[in-house]
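As a plain string of letters, each chain reads:
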Amino acid sequence: MEFFLVTLLNSLSYGLLLFMLSSGLTLIFSMMGVLNFAHASFYMLGAYFAYQTGLYVGFWPALFLAPLLVGALGALTERYGLRTVHKFGHVAELLFTFGLAYVIEEIVHLIWGRAPVDYRIPAGLDFTLFTLFTTQYPAYRAFMMLVSVGMLAALYLGLTRTRIGLVIQASLTHPDMVEALGHNVPRVFMLVFAGGAALAGLAGVIGGNAFITEPGMAVAVGSIVFVVVVFGGMGSLTGAFIASLIIGALQTFSVALDYSMLDLFAKIGVSVPPNSSWHGLWSITISQTAPVMPYLLMVLMLIVRPRGLMGTRES
Amino acid sequence: MKPKYALTLFIWMLMSSLAATAPAQDSIKIAFIEGLSGPFANVGEIGLRHYQIATEAVSARGGVLGGKKLEIVPFDSKTNPQEALLVLRQAIDQGIRYIAQGNGSSVALALADGVAKHNARNPEKSVVFLNYAAVDPVLTNDKCTFWHFRFDADGDMKMRALTNYMATQKGIKKVYLINQDYSFGQAVAKSARAMLNAKRPDVEIVGDDLHPLGRVKDFSPYVAKIKATGADSVITGNWGNDLALLVKAGKDAGLKVDYYTYYAGAASVVTAIGDAGVGHVKQVTTWHANIGGKGAAEHTVAYRARFPDVRDDLYFSSVRVAIDALAVAMEKAKSADPAKVAGAMEGLKLEDDSGEVTIRADNHQLIQPLYVSTLVHANGKDVKFDVEKTGLGFRTDARIEGKDTVMPTTCKMQRP
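In the order they appear, the protein sequences are chains H and P.
So the working numbering is basically just the index in the first sequence, starting at one, shifted up by 2.
So the working numbering is basically just the index in the second sequence, starting at one, shifted up by 615.
If you're looking for bench data, these hints aren't it; they were derived computationally from the structure.
Take every hint as true, because none was put in to throw you off.
Short derived list, chain P residues pointing at chain H, Cβ under 10 Å:
{"id": "1", "residue": "651"}
{"id": "2", "residue": "652"}
{"id": "3", "residue": "656"}
{"id": "4", "residue": "658"}
{"id": "5", "residue": "659"}
{"id": "6", "residue": "660"}
{"id": "7", "residue": "691"}
{"id": "8", "residue": "796"}
{"id": "9", "residue": "826"}
{"id": "10", "residue": "827"}
{"id": "11", "residue": "831"}
{"id": "12", "residue": "839"}
{"id": "13", "residue": "843"}
{"id": "14", "residue": "856"}
{"id": "15", "residue": "867"}
{"id": "16", "residue": "869"}
Please read these numbers as outputs of a predicted model, since none were measured by experiment.
All residues carry an ideal CB built from backbone N, CA and C; glycine is no exception.
Let the sequences and hints guide you as you build the complete structure.
Quick look at the structure:
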């Protein structure tokens, strides 16, 4: 019971962090029809910016400053990068974001070096919030969840209850009509791109010190975020939310499952001799395959339901 | 930009890049092939600093073979066997005949094999491999080669020392094994299980986990699992961030276990656990700053003086011994020819901080004392030096003499 509850909390905080990353990506996708390969790089930049600004102004101002900086960078990327290559089609846009991811990684290497930087949890949040049976639950994990949920609520209300949210939604589906009504659609696109980048930046600010801030962090989460977006359905926020929680739980819980095919065979009365050439394969436990699970899930989803959980497009 | 300026700029860039790669006239180069980017970049940089200070010390003593300097040339292997083989080729093409590597036994196995193949094809351009930290026992057993020398103690030697110490700790009832899922981690898990069963049959092994190497950023699911088993001790061969993040997650969740480790003394592990690790973090090493004696103190102080801006401390004695052995063997062979130097290194005896150390001729494993130590508060007396400016340092619990660490070997050395 203790194990289950603690693992559930862990999986929730991880899933919510994944959602913060994937929400921006899926918004940008539904808007421009392009997967932004550099999205996880904005996550990394968020962590590094928070580390750097935090050195001068402390963690709390950095929590707001770093996402703003990343958002501004996102706006510039859209305005002077993506919009310029847009006329050459989707492949050019895709290649642009792909190249941008490498450029950002190299810039991070140049500025902050290749080793991890010492970006730490602020002292004010470095305490035990409560003790669940005998396991301590760190306050920072709760803070991460709080920020994620707060952001989720703000995003939902912003998109459905405000004027600008309605314009964004309309621009996604009927850009020509919105333009005819006198709105500046390219600027809306730029805003959404900046917003998505800022969300990734915010995830970096709170994820960078909980885990580790190093130049490889973008690559490490990048592939998982794509899995979330594809699994949840391209362009669907609800889908991304559900997929984040499922994949968070899958990765966290599968660590605990020490069952292998050997156990299954033993259950049905088949024994595999240890010297058989298949013994090695069958003795791999579920916990060892935990890192592969999300990708397996994505492949299965693509076979069974190519548009994903909540997606509307087939492509 | 006018074409003339562009040309000037181009020539200037060309010249400056040539200046950077131009070989120093009288130096013997050693290629340092290590993960200098990626998840283990910090450990790679620590190793690089160790090689810098060790080679500078040799140069300061007047160099080798009548004043030649030793020079370290770093290459990034990304801690990946395939990448390491590519940069090995680069290093050889640049005329470098000595290579050093240590982080990741999978990389070391690839390099040892690559070096042996290269030397068989090009005996006149042979290469020697100085291994300072890759401790998979197979490197000095079934996969041993004449060109590979290991200056760290192998995983089984360390595990024997560690389990001998654990056998005296009556409080241990339930042990959890958590290791990285690659050749070395699997070897640690296997030997820990076998040796514990033999020495303490009453101890129950309640868990045996292998996690992906360098890819886990959040160990809290593993900590929850360890906690659920009620383990009182954890044995792990993890290194770098894989250990720092494990103990950090354990501290955050209030996990109360003793950590029996190979690598707690380096790469931010002590920083990560802090005071929560006092009395609970143990390591088995070939050296630590508080083993006593003049050498250990002098080397620790010299490292801090040489690298005042970094948080890490001197950790690997193996690097110093490797470079000293190389210098002595070159003098003994009166040549920098790798084949002659490798021959001269066999059976070589040296003095280091812990006493006399010997390179075994039959499998090229360095025989040296081992120390089991525990993390405690630095007190200025027997724990004079702390780690990473934390105020915490290691105190020796047991010293195992070199002769007691010797293991039988299955190595059938093929000499050229």
